[in-house]
Amino acid sequence: MHEEHGPAPTLWPLGFAVGIAVALVGLIVDPMVIGSIGGAIAIVFGFLWARDATSDLRRHAPRIQAEVREMTPAEAAAVPPAAEGEAAMPAPRPGETFPRSRFLEGATLGLGGIIGGIVTVPVVGFAVLPGFLDQKGHEVDLGPLTAFPVGKWFIATFMVDPKEGEVSRRTAFVRNNGSVGNLPSFTIISNRCAHLGCPVQANGPTGAILGEKNVVEHTSNGEILMRPVVPAGFGCPCHGGQYDTEGNRTAGPPVRALDRYAFDVKNGRLVLLSTYSVSHVVGTGGQAKIYKYKEAGPGEHVDGPEQWFYPLQPPHH
Amino acid sequence: MAVRRAPSKAQVRREQMLAAATYPLDWFEERSGLIGGVRYFLFRKVPSDTNWMQTLGSATLTAFIVQALTGVILAMYYKPSPHDAYSSIQNITDHVFMGWLVRGMHKWGASVFIILMFLHMGRVFLFGAYKYPRELNWIVGVLLLVLGLTAGFTGYLLPWDQTAYWASVVGINLNGTAPFLGPWLAQFLRAGQEINGNTLSLFYSLHMLIIPGGIISLITLHLYLVIRLGVTSPPWSHEAAGADRVEEPAPVRSGLTRPVAHGSPGGRD
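Going line by line, the protein sequences match chains A and B.
All residue numbers for the first sequence refer to the numbering used here, where the first residue is 1 and numbers rise by one.
All residue numbers for the second sequence refer to the numbering used here, where the first residue is 1001 and numbers rise by one.
Be aware that one or more of the hints could be misleading.
Stated by the list, open to error - Over 12 angstroms on every C-beta distance to chain B, these chain A residues come out as not near it, computed from the model:
id : residue
1  : 19
2  : 160
3  : 196
4  : 239
5  : 252
6  : 275
7  : 286
8  : 296
9  : 311
To be verified - Straight line, CA to CA, 30 angstroms or less: simulated DSSO-like cross-link-like pairs of lysine-lysine:
id : chain 1 : residue 1 : chain 2 : residue 2
10 : A       : 136       : A       : 266
11 : A       : 136       : B       : 1131
12 : A       : 163       : B       : 1079
What the hints contain is simulated information worked out from the structure, not anything from laboratory work.
Don't be surprised by glycine CBs; every beta carbon is placed ideally from N, CA and C.
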């Protein structure tokens, strides 16, 4: 039996469409009367349409005999297997090449590669490079030198870039060592732990316990809070690294001493520059000999054989 | 061939109802072949002595789907900027309707996902299911584990509170101590020399776009290999591995479709 593809032509959908159109017009003109009439038309014709469309399903389906081709065993044996016989595409003649296919293959791959590269390189560069380029250093004005009595420690917290907000907040331990020769000397230790970068705390009483007031300086870097402290050393709350007051590691997992801030004195004011790394410090205060290295990340050795694990540092300010 | 009796009226009616119900599926199957594909995927033959332990992979997949769905919903309310991140999390937890629930599901579900990955990995190891020819799937699974852990790491920063911040500082610096490329990796993750506002949006992008994309791709590959290579018998199985199985004759159509007994199976041909 031959079955038609698709439904037979019928007028019911047209009636349905008219009903919908009337209903839509009715919604504007008169929802109660014309809208209901349109709805009724649509429902009636919709029902007839659905009935018509599903008539196949409801009819008792015809039974169809499977198509059988009679063959004697000898005939069946003579039928070649599908794997034999002539190939749909004949094998190339000896010496026959397909230069155009080869060319198109190459062109597709080549052009695709070029286009992919053109698109990918800037995107990947945009995703990765900004963190490495244009790393600007910041100068932080900590206030007049007179705010730092000789020999007193302060915990100074400040934003290196007030425009960036709280995320740029840093802390340093600052002590005025007095003058060495003619030059002012300061010990300015970064509170970034040399183990994994947690905030190192001063081990000792601060502010109110000492009977002293916190000092707030207003400088070009915004508000700078300076809390007086008498530290016996510095300690990290995360993994227990301990340092002495020169930042030398005394216990725990840190691999080197605490980083320090380079500083400058401008117009009688103490200005912090970038940080540098320190393997260890011999001596104290103004007489200390600081073994200075280029700034390295926490946990990275700057001396000893382990330093060879970090031959190339990413760009720093 | 057995002689078929004419079906009773009730039988005819039932078959008609069934045919009407499966008609849309039939329509879809005829144009896409996907129902057959889904059947192939869902009704695969597995060894008769499979074990409950072998459901850990599906459990992990379910945990990932929960993470994906709750994560998409959280992304509607979360604001990845240093100024707004913490307050938007507070808003989700305290004010958005059922926000506490969705955030809780995502937070605790993250641990569930990681734990299930390890349990699944342990099952595969103890069953010896990583051996030939399934080594590649083990490798894909290990990559999935790495991506899953990375998703956990990058997600941890997003609440932008003290715990999140310092945990990420430590985590990034931990990466930084890796020999040779470690400092470069750390600087990439920090989006600069120090953690800054871009770090948060970088982690957000990694956490909700790049890593889930990678996980979804690798899960697809993982499942493809499971289907292609089949499920392993437990090590205590008495059935010989790799034995030919007795196949039932394939149905004429994919089977979720119009019943074969009624009408012509290939009636439209």
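So, going through the hints one by one against the coordinates:
Against the 12 angstroms criterion, residue 19 of chain A stays outside the reach of chain B, whose nearest CB is about 24 angstroms from its own CB. A Cβ of chain B approaches the Cβ of residue 160 of chain A within 12 angstroms, the least distance being about 8 angstroms, so the stated non-interface status is violated. Non-interface status of residue 196 of chain A relative to chain B is broken: a Cβ of that chain comes within 12 angstroms, the nearest being about 4 angstroms off. Chain B draws residue 239 of chain A into its interface by the beta-carbon criterion, the shortest separation being 8 angstroms against a cut-off of 12 angstroms.
With a least CB separation of 14 angstroms from chain B, residue 252 of chain A remains clear of the 12 angstroms interface cut-off, as annotated. In this structure residue 275 of chain A is not separated from chain B by more than 12 angstroms, as the shortest Cβ-Cβ distance comes to only about 10 angstroms. Interface exclusion of residue 286 of chain A from chain B stands, the closest Cβ pair being 29 angstroms apart, more than 12 angstroms. Distance check on residue 296 of chain A: its Cβ comes as close as 7 angstroms (rounded) to a Cβ of chain B, failing to clear the 12 angstroms threshold; non-interface status is violated.
The Cβ of residue 311 of chain A sits about 7 angstroms from the closest Cβ of chain B, inside the 12 angstroms cut-off, so the non-interface label is violated. At most 30 angstroms may separate the alpha-carbon atoms for a hinted pair to count; residue 136 of chain A and residue 266 of chain A meet this at roughly 20 angstroms. Distance hint between residue 136 of chain A and residue 1131 of chain B is unfulfilled; the C-alpha atoms sit about 53 angstroms from each other, more than 30 angstroms. Straight-line distance between C-alpha atoms of residue 163 of chain A and residue 1079 of chain B comes to about 19 angstroms, which keeps the hinted pair within the 30 angstroms bound.
When the structure is compared with the earlier hints, violations turn up for hints 2, 3, 4, 6, 8, 9, 11 and for no others.
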